[in-house]
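A.B. asks: These are the residues of each chain, in order.
Number of protein chains: 4
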Amino acid sequence: MSLNSFGHLLRFTTWGESHGPAIGAVVDGCPPGLALSEADIQPFLDKRRPGQSKFTTQRQEPDQVRILSGVYEGQTTGTPISLMIENVDQRSKDYSDVAAKYRPGHADYAYDAKYGLRDPRGGGRSSARETASRVAAGAVARKIIPNVAITAYLVEIGGVAIDRSRFDLAEIARNPFWCPDAVTAAVWEEHLYAARKSGSSLGAIVECVATGVPAGWGSPLYHKLDAQLANAAMSINAVKAVEIGDGFAAARLRGEENADRMRPGEDGPAFLSNHAGGIAGGISTGQPIVVRMALKPTSSILTPVETITRDGQAAEIVTKGRHDPCVGIRAAPVLEAMVALVLADAMLLHRGQCGSAASP
Amino acid sequence: MSLNSFGHLLRFTTWGESHGPAIGAVVDGCPPGLALSEADIQPFLDKRRPGQSKFTTQRQEPDQVRILSGVYEGQTTGTPISLMIENVDQRSKDYSDVAAKYRPGHADYAYDAKYGLRDPRGGGRSSARETASRVAAGAVARKIIPNVAITAYLVEIGGVAIDRSRFDLAEIARNPFWCPDAVTAAVWEEHLYAARKSGSSLGAIVECVATGVPAGWGSPLYHKLDAQLANAAMSINAVKAVEIGDGFAAARLRGEENADRMRPGEDGPAFLSNHAGGIAGGISTGQPIVVRMALKPTSSILTPVETITRDGQAAEIVTKGRHDPCVGIRAAPVLEAMVALVLADAMLLHRGQCGSAASP
Amino acid sequence: MSLNSFGHLLRFTTWGESHGPAIGAVVDGCPPGLALSEADIQPFLDKRRPGQSKFTTQRQEPDQVRILSGVYEGQTTGTPISLMIENVDQRSKDYSDVAAKYRPGHADYAYDAKYGLRDPRGGGRSSARETASRVAAGAVARKIIPNVAITAYLVEIGGVAIDRSRFDLAEIARNPFWCPDAVTAAVWEEHLYAARKSGSSLGAIVECVATGVPAGWGSPLYHKLDAQLANAAMSINAVKAVEIGDGFAAARLRGEENADRMRPGEDGPAFLSNHAGGIAGGISTGQPIVVRMALKPTSSILTPVETITRDGQAAEIVTKGRHDPCVGIRAAPVLEAMVALVLADAMLLHRGQCGSAASP
Amino acid sequence: MSLNSFGHLLRFTTWGESHGPAIGAVVDGCPPGLALSEADIQPFLDKRRPGQSKFTTQRQEPDQVRILSGVYEGQTTGTPISLMIENVDQRSKDYSDVAAKYRPGHADYAYDAKYGLRDPRGGGRSSARETASRVAAGAVARKIIPNVAITAYLVEIGGVAIDRSRFDLAEIARNPFWCPDAVTAAVWEEHLYAARKSGSSLGAIVECVATGVPAGWGSPLYHKLDAQLANAAMSINAVKAVEIGDGFAAARLRGEENADRMRPGEDGPAFLSNHAGGIAGGISTGQPIVVRMALKPTSSILTPVETITRDGQAAEIVTKGRHDPCVGIRAAPVLEAMVALVLADAMLLHRGQCGSAASP
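Protein chains in written order, with the numbering used here: chain V, 16 to 375; chain R, 16 to 375; chain F, 16 to 375; chain U, 16 to 375.
Quick caveat, the hints were computed from the structure, so don't treat them as lab data. Beta carbons: idealized from backbone N, C-alpha and C, even for Gly. It is possible that some hints are incorrect.
[Said to hold, decoys possible] Some chain V residues close to chain U (C-beta under 8 Å, calculated; not the full set):
no. : residue
1   : Gly31
2   : Gly35
3   : Val41
4   : Asp43
5   : Thr94
6   : Tyr130
[What the hints assert, rightly or not] Straight-line C-alpha distance at most 20 Å; calculated DMTMM-like pairs for lysine to aspartate or glutamate:
no. : chain 1 : residue 1 : chain 2 : residue 2
7   : R       : Lys335    : R       : Asp104
8   : U       : Lys108    : V       : Glu88
9   : R       : Lys335    : V       : Glu88
10  : F       : Lys69     : F       : Glu272
11  : V       : Lys62     : V       : Glu204
12  : V       : Lys335    : R       : Glu271
13  : F       : Lys335    : U       : Glu272
14  : V       : Lys335    : R       : Glu272
15  : U       : Lys212    : F       : Glu272
16  : R       : Lys212    : V       : Glu271
17  : F       : Lys108    : R       : Glu88
18  : R       : Lys108    : F       : Asp109
19  : V       : Lys335    : V       : Glu321
20  : V       : Lys69     : V       : Glu205
21  : V       : Lys108    : U       : Glu88
22  : U       : Lys335    : F       : Glu272
23  : F       : Lys335    : U       : Glu271
24  : U       : Lys335    : U       : Glu88
25  : R       : Lys212    : R       : Glu222
26  : R       : Lys212    : V       : Glu321
27  : F       : Lys158    : F       : Asp61
28  : F       : Lys335    : F       : Glu88
29  : R       : Lys335    : V       : Glu271
30  : R       : Lys69     : R       : Asp104
31  : F       : Lys212    : U       : Glu272
32  : U       : Lys212    : F       : Glu271
33  : V       : Lys212    : R       : Glu272
34  : F       : Lys62     : F       : Asp178
35  : R       : Lys62     : R       : Glu186
36  : U       : Lys335    : F       : Glu271
37  : V       : Lys108    : V       : Glu76
38  : V       : Lys212    : R       : Glu271
39  : F       : Lys212    : U       : Glu271
Turn these sequences into a full structure, and let the hints guide you.
C.D. replies: Structure (structure tokens):
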């Protein structure tokens, strides 16, 4: 019941703080016999890596992953896979200001109230640096479900949404915002540049689509596939909302509009729409799975904010340091990883209970 | 790892189908020495009970709960509390149509793809009837955190939102929609009446506020308090989206707008706003906890919808029977119950790890 | 993490007290499509049922099980199976003596120290009556692994061991002691008669063998198949020791004696011995699985014993009522059930991770 | 549900193989604010370290532990504690013989049957080297329950038992066998020397006593304190049996002999005996907790043994390399660690559910 673990048959545990010697993940339950090496993981870490554009933190971390166990002669053995990433650029600085005052919008006060102490260096365990471990674990999960394709992209930054009529999958990797709409990407660039310059930050909405998931994965109630995805997405730093399929918009449709009609298809039913986002009653329908999450603007801003000190005095704080002006950008590969981890686990669970699992 | 269980130290398991002899919940981990009787549970079940207005299903269920274990001489003993509710009004009817065809928007096809069979009587396990068990379990959870007040209400039906300037807590119990705005309640009544008459259904948005939660409950990562609430809410039938605090709106704020500023207060910090919905870094801040969820319109409608049969032939289906034109209404007490269960569990977990727990 | 639950993919939760209205189990994770009715469960309950001979308690319980959920048209649906057994013969009696004093050797004092209260009626939750729920759950588990045969029998009562040279499987069901050696059965009868008459009780050793388990079930470390069996056996009332294979005797062998030599067999290896009890490194080897457990003599005896009262005064206590002079007898079907539950879970886990599972 | 994890509120996960680059443990759920450094852990690792006498393997491992996370300024933070131990002496050798044939008595065949492949280098994950990670985790657990003293020692090697009348706690650390009886220690020395010389190995029995555990820890059923201890002990390499208190001997006592009589004491009851080993109904009684386990003789012996090859041919195998002639010796610190982990977890669980926990 480790609170730093996630998943059931495929279960990973992460450890490490922003400014400790290293961070890592232990992935347990991986099937044996899968080809796996650092080269399968590194590309995903590289997508999340900081310092790649002026729109993300300037911290320089190579994020080189090492596999310390669970792989023999290039194959998974079925035993725990220990993944470690060293922290290289923990820039030496003075944390006395952050240690003495709470940064509004951060976890500082809540941590202190819970634990009676906290590691103030770079946010400690609450730093988004932890998400590198998830991305590494997610790369392992993808190997378990090779027929599932998972792609996340941003659909909104600072209130500016993409134009879905210009949606182009190929565009996603061409700009630093994982934006599927080249025109909007250009707008975001200006927008973010201005926000950064004024010492502010912007929120974002990230969408993730998984195709190739057969009907039947998931479970009807407390571990509904959508409930697992909601848990997974909401566990990512700065996320404040999650939608499946049409999400909030579904609440504004009428029953006959929202029901995804079915026609005979070549291989199972052909659905005439996908308002449900690929999940009904907590179980996959075979349609693409669609998850969307909203991230707040980071509170690490140069604008001074009213706060209090640990001993209860009124104060002001400015968060200097190297921060992402829009944490949503680097959250896209993290959402992909979490979706991969949920789906691979769901496949194993389904195979366990029901004895077969289409696709993998 | 029962997939029909939820929670950690306070953990409940539900069982039962819509048209079986009974449904129930086993609540494990309840602290000993709490006063508990059926009279503590029944009022919450009565709020969720069907057949109370013309805006909910006409199925007549007394929903009388029995405590079968875990209570001795009016006090919890610390052993599992078994709660049972008999199904009384399983109206005898012909399910052959539902058994032979998939109802679009329902779990029918997904269940069949997963299990290779399903119980078609009233939706079987996928029926919202299961939520009665949650409400019963939630009433036990409330006893564990007596200083926490939890109230859910509807803020939108069929796209018609309340006017927050008319928000009146006392109004909630005065109308059949758990609506805190009397004017909007009247609009919803007409709206729902029309939808029902036309054989359609409407979606809804339900909000829940928990006050009295001290700072420090929750956990930083995969079991963040907000991630648990998202999991809990998304596990409720027909829910497609969950927000904490400002949710999606937070993604449209700037960093300095979204940060909840702190001032010295009488008893811990005084926050100048609550965009975060009472949770930072996955841990409660002492502010009210705010959760919002969107429910799709039910697909049980009289309008004929295209579908396929189990053997893959094109067909049409009309869902007769007794259905809620807006399932969001009866979901309000269910969300309250799930929030109570998450919070009581979080209190016990906090007490376990950190050795004390403010409030209870 | 319910402490009243056991298992992983196949997970059951029991509830109920000796003198409450009923007891029961919820079995979650059962594969769909298995034929199941009360008639599949009742024979196992009948084996454990009290009042069948003068060597077990005279409490009269029909132990009729009802399936309340999870089965439709005679087949499991993959949803939770709720099993309930009513308590019929909770003989009205005065519990004030037991409530005021602690019975040495019972859980009375420990429960009180933990919970600050307890249900004194018939031992409440600590009564061996709870094991009826396990037997019912175990009958479901057997359906999941139909090729596995599980048989438990007594090998020792009150220090009198069977003679293994007279071991006869067919004899087990012919005497009230599940004794595979007719000669020893007769000795036990006299022995137990004398113990009962003198107001005393006897301990016992129960052995269980499972054949038909293929190689490969289990897991290498904290959930080793033998560790799960040890947990399962030690969770049965009055059990104080567990052995796998040769158990303690293995500690007195030399390395070359203990190693089970392998020769080419028709279908996998042929082992020349089974000191290991069918498990190596926590994983089944394909040989018969052998578990043995020791049960203490019940402390419910007519001989007066020194004790203290709840308020710390010196006292004496005599445990009247209807008790088993040797609780080991009725523990045999309970051990069978626990072994079935562990093995069925292990099969599902193996299938989940490794994608196939021989035998079932 | 990671199968390489153990515990509930205090939960640790181990990873790593005998001949990989490192092994380690992630300990989650540790309370915040405990003083912890490598110096608190190293002494326990040093007790288990190989190569310290001629009676253990000659592999030279410094077993230097590093704390990679969860500690800030010398105090635990409440976040996961990652512990890593590098493998230094993975002597380069030819594993082709072990890779091609199964060693009888080892996990080789069972692993292969389960996973379809295995890491043959030094036993891979099934090597007792993994227990170093447990010992490191156990040292953290001890900090959580500082008032509990846990001591393990050997009571039998190769069938030669200690004389309890010569039991001397102080003697345990004075000989290489953790033997509390100096006379027997000398006998074991000769015995082991002879076994080693003849290319054989001996089994052992290890006992562990925990004092200072207050009444009330544990739980009545599937997670009985004794069931947890049995699971923990049986998960240690080569263990084939576990006893609590009198264990098998209890099965030969009469009810009135076995019941631990109670008298008024200064601080709770004074028990007149401890047949129960400090646990009744799965809950601690305040008496010393006594666990005993039997370890088989290792199968890594120089005597040739009949076996088969991976492709089913008859063969013989001799296990060369550096092995313990009696694996029970180094198991003593491992049992201490596992007992510490179970008890610390039980304390946290008790505090979570019941709101207080005597002793710590």
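A.B. asks: Take the hints in turn and mark each one as holding or not.
C.D. replies: Results for each hint:
no. : hint                : in the structure
1   : Gly31               : 5 Å, holds
2   : Gly35               : 5 Å, holds
3   : Val41               : 5 Å, holds
4   : Asp43               : 4 Å, holds
5   : Thr94               : 4 Å, holds
6   : Tyr130              : 4 Å, holds
7   : R:Lys335 / R:Asp104 : 16 Å, holds
8   : U:Lys108 / V:Glu88  : 16 Å, holds
9   : R:Lys335 / V:Glu88  : 60 Å, violated
10  : F:Lys69 / F:Glu272  : 44 Å, violated
11  : V:Lys62 / V:Glu204  : 18 Å, holds
12  : V:Lys335 / R:Glu271 : 14 Å, holds
13  : F:Lys335 / U:Glu272 : 18 Å, holds
14  : V:Lys335 / R:Glu272 : 18 Å, holds
15  : U:Lys212 / F:Glu272 : 16 Å, holds
16  : R:Lys212 / V:Glu271 : 14 Å, holds
17  : F:Lys108 / R:Glu88  : 16 Å, holds
18  : R:Lys108 / F:Asp109 : 50 Å, violated
19  : V:Lys335 / V:Glu321 : 15 Å, holds
20  : V:Lys69 / V:Glu205  : 12 Å, holds
21  : V:Lys108 / U:Glu88  : 16 Å, holds
22  : U:Lys335 / F:Glu272 : 18 Å, holds
23  : F:Lys335 / U:Glu271 : 14 Å, holds
24  : U:Lys335 / U:Glu88  : 46 Å, violated
25  : R:Lys212 / R:Glu222 : 27 Å, violated
26  : R:Lys212 / V:Glu321 : 54 Å, violated
27  : F:Lys158 / F:Asp61  : 18 Å, holds
28  : F:Lys335 / F:Glu88  : 46 Å, violated
29  : R:Lys335 / V:Glu271 : 14 Å, holds
30  : R:Lys69 / R:Asp104  : 17 Å, holds
31  : F:Lys212 / U:Glu272 : 16 Å, holds
32  : U:Lys212 / F:Glu271 : 14 Å, holds
33  : V:Lys212 / R:Glu272 : 16 Å, holds
34  : F:Lys62 / F:Asp178  : 24 Å, violated
35  : R:Lys62 / R:Glu186  : 15 Å, holds
36  : U:Lys335 / F:Glu271 : 14 Å, holds
37  : V:Lys108 / V:Glu76  : 17 Å, holds
38  : V:Lys212 / R:Glu271 : 14 Å, holds
39  : F:Lys212 / U:Glu271 : 14 Å, holds
Hints 9, 10, 18, 24, 25, 26, 28, 34, counting from the list given before, are not met by this structure.
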